[in-house]
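Participant: With chain A held as given, fit chain B onto it using these hints.
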Amino acid sequence: MQTKRMTFSSRWLPYALLAPQVIITLIFFIWPSYQALLQSVYRQGDAFGIRPPTFIWFQNFQALFADSLYLNSLKVTFIFSVGTTFLSMSVALLFAVMVNRMIRSRDGYTTLLVWPYAVAPAIAGVLWWFIFNPTLGILPYMLDMLGYDWNHRRSGNDAMIMIIIASAWKQISYNFLFFLAGLQSVPHSLIEAAAIDGASRFKRFWTIVFPLLSPITFFLMVVNIVYAMFDTFGVIHATTEGGPAQATNILVYKVYRDGFVNLNIGSSAAQSVILMSIVIILTVIQFRYIERRVNY
Amino acid sequence: MVENNRWGNLFAHLVLILGVTIVVFPVYVALIASTHPPGTFVRGVMPLWPGTHGWENYTTVITEGRSRAGTPPIGGMLWNSFVMAMAITIGKLSISILSAFAIVYFKFPFRIFFFWVIFLTLMLPVEVRIVPTFQVVANLGMLNSFAGLSIPLIASATATFLFRQFFMTVPEELMEAARVDGAGPMKFFKDILLPLSITNIAALFVIMFIYGWNQYLWPLLITTDPEYYTIVMGIQRMVTGGDSEPLWHLVMATVVLAALPPVLVILFMQRLFVKGLTETEK
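These protein sequences, in sequence, are chains A and B.
Sequential numbering from -17 applies to the first sequence in our numbering.
Sequential numbering from 785 applies to the second sequence in our numbering.
So that you can see chain A by itself, here it is in the shape it has in the complex (with noise of 0.2 angstroms):
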């Protein structure tokens, strides 16, 4: 990695400079990290010190992936990502394409639909959560003049649908902004020649701009992926609270419940490792993925 050609010299001043940065990172990121590596493999001592903590290798890992509960959480994570991921993916591509052949009202409309990114997802959950409320929400209202019970309090599928909607809603305006700007550096000349081949416009979407799109669309893939697993607690923990019958407990929200409400600290601890490998691993691609976009 480079510096630059000429540098200054001293024997202190870069470490004090970097001393902050690193000293946080120590205390609350590297440490608290290597606790998790710690307790994961440790079956926890009683509160009396009666019970010394022992070192049970990989017994905590074993039970987790033999607990249905568990495999549920990951299944549930599975779909609710994807549903996330793939809902406002489509949505904003959908909405950038409209909006790059637009030239007066570009700005306008750009401005009504990136506000979203700014609310909490927290707040996004509890604002779908009363628009979905069973009996006063609008949206059941409807649905049930159409002939469908919408019950997200008893219906699992009814409650993933609705954390679905409101984590993909927020989530919108980020990947709008990024095909949007993708869908400006698509070279002007190629989609005209596509025009004077006689391509249509549907037929010079998919074989000329969407392949284009393709490296920003992987992307996206994985911040969202990333937004769905991690980012998604306050939706989950303001709204279903894992519920009804575990249908919405995505993993995160797993290793809070088990770490703070069951105290089972051992458990949480090894869930909290295989979720840092899902971060590592998502990290390692997006950065690869980097790399190569650089050196095109």
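If you're looking for bench data, these hints aren't it; they were derived computationally from the structure.
Every value quoted in this text rests on a predicted model; they were computed, and no experiment measured them.
For every residue, glycine included, the Cβ atom is placed at its ideal position computed from N, Cα and C.
Certain hints may be false.
Claimed, not checked - Computed footprint of chain A on chain B, listed as stretches where at least three residues anywhere in the stretch have a Cβ under 8 angstroms from a Cβ of chain A:
hint	region
1	896 to 906
2	959 to 969
Said to hold, decoys possible - Every beta carbon over 12 angstroms from chain A, so not counted as near; a handful from chain B, in silico:
hint	residue
3	N789
4	G792
5	F825
6	G838
7	I846
8	T847
9	E848
10	P856
11	G859
12	S883
13	E911
14	I985
15	A986
16	D1009
As the list claims (entries may be wrong) - Think about it this way: if two alpha-carbon atoms lie no more than 27 angstroms apart in a straight line, the pair counts; the simulated BS3-like pairs of lysine-lysine are:
hint	chain 1	residue 1	chain 2	residue 2
17	B	K891	A	K(-14)
18	B	K1059	B	K974
19	B	K971	B	K891
20	B	K974	B	K891
21	B	K974	A	K(-14)
22	A	K(-14)	B	K971
23	B	K1059	A	K(-14)
Facilitator: Relative to chain A, chain B alone:
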């Protein structure tokens, strides 16, 4: 050469108007609900036109809160959120710009090692190490304090990378000139680098402020004293605190107040926001 299709444009406008309506709808509903008296919500489907109790509801949440359910007035929570968001933003910006300066403008042993230590923070978000981080903060006696709310969140790999990238594009001549004139590193930093970075700092400020304001899990873990509740987590207390159906008119007034500051930041600083968002991810 591309045809300009009148019907196609009309269709695009229709799609976008419908889209914007759907995107705005939840907030419209919240605004409407926050202007109605409590009785409205007992009678069935929520209203779609404004009611008459707006002023009353907002003054109630700001000054009284819901004392029975143990949620303090919103005024204090708004202030806490503001302090936390500002502390996180300023903290992140200052420690990141300093470390980027060290990494780009100095050669010293373990430079790459420190770079990787900072990089690791990207891979270890709070959400994945909830319990041990809580234990560390508890052991340091930082529960229920602004220090506890902000300091553990101010390490930032993305801000450091962004500043590093920007510093690499600053012409070498500037530093050579500064050295010829006898300026030391800190003087160079203060008088040349900092003024050059203003746009980047502003763009990051917008992103970080929104990040800080919207923190949820962290304040939830480390505040047990209502004195330190922030507004985003306070809403959850209002929704679940109490056995009965939530007092929707008050909850929605709170929701509006909680979402307003970051939304205003985006609307008024859209250009900086877009710059910050697209650059932190590159």
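Participant: Now tell me, hint by hint, if it's right for this structure.
Facilitator: We went through each hint and held it up to the structure:
By the rule of at least three residues with a Cβ nearer than 8 angstroms to a Cβ of chain A, the coverage given for the region 896 to 906 of chain B holds, with 8 such residues. Under the rule that three or more residues need a Cβ within less than 8 angstroms of chain A, the assignment of the region 959 to 969 of chain B holds, with 5 such residues. Residue-level check failed: B:N789 sits 8 angstroms from the nearest beta carbon of chain A, not beyond 12 angstroms. A beta-carbon of chain A comes within 12 angstroms of the beta-carbon of B:G792; the shortest separation is about 7 angstroms.
Residue placement check: B:F825 does not keep its beta carbon more than 12 angstroms from all beta carbons of chain A (closest about 6 angstroms). At roughly 17 angstroms, the least C-beta separation between B:G838 and chain A is larger than 12 angstroms, which holds for a residue marked as non-interface. No Cβ of chain A comes within 12 angstroms of the Cβ of B:I846; the nearest lies about 17 angstroms off, and the non-interface call holds. A cut-off of 12 angstroms between C-beta atoms confirms that B:T847 is not in contact with chain A; the least separation is 21 angstroms.
The beta carbon of B:E848 sits about 20 angstroms from the closest Cβ of chain A, which is more than 12 angstroms, so the claim that it is off the interface holds. Listed as a non-interface residue, B:P856 keeps its Cβ farther than 12 angstroms from every Cβ of chain A; the least gap is roughly 18 angstroms. For B:G859, the shortest C-beta to C-beta distance to chain A comes to about 18 angstroms, beyond the 12 angstroms cut-off, and the non-interface label holds. With a closest Cβ-Cβ approach of about 4 angstroms to chain A, B:S883 is found to fall inside the 12 angstroms limit, against its non-interface label.
Not every Cβ of chain A is farther than 12 angstroms from the Cβ of B:E911; the closest lies at roughly 5 angstroms, contradicting the non-interface assignment. Distance to chain A confirms B:I985 as a non-interface residue, since its nearest Cβ pair spans about 16 angstroms, more than 12 angstroms. Listed as outside the interface, B:A986 is consistent with that label: its C-beta sits roughly 16 angstroms from the nearest C-beta of chain A, beyond the 12 angstroms cut-off. Every CB of chain A is more than 12 angstroms from the CB of B:D1009 (nearest about 17 angstroms), matching its label as outside the interface.
Proximity of B:K891 to A:K(-14) is assessed by CA-CA distance (about 9 angstroms); at most 27 angstroms being required, the pair is judged to hold. A threshold of 27 angstroms between alpha carbons decides the hint, and for B:K1059 with B:K974 the separation of about 24 angstroms falls inside it, so the pair holds. Proposed proximity of B:K971 and B:K891 is supported: the alpha carbons are some 18 angstroms apart, at most 27 angstroms. For a cut-off of 27 angstroms, the pair hint linking B:K974 to B:K891 stands: about 20 angstroms separates their Cα positions.
The hinted pair formed by B:K974 and A:K(-14) meets the criterion: a straight-line CA distance of about 18 angstroms does not exceed 27 angstroms. Taking the CA atoms of A:K(-14) and B:K971, the gap is about 17 angstroms. The hint holds against a cut of 27 angstroms. Proposed proximity of B:K1059 and A:K(-14) is supported: the alpha carbons are some 25 angstroms apart, at most 27 angstroms.
Going through the hint list in order, the structure does not satisfy hints 3, 4, 5, 12, 13.
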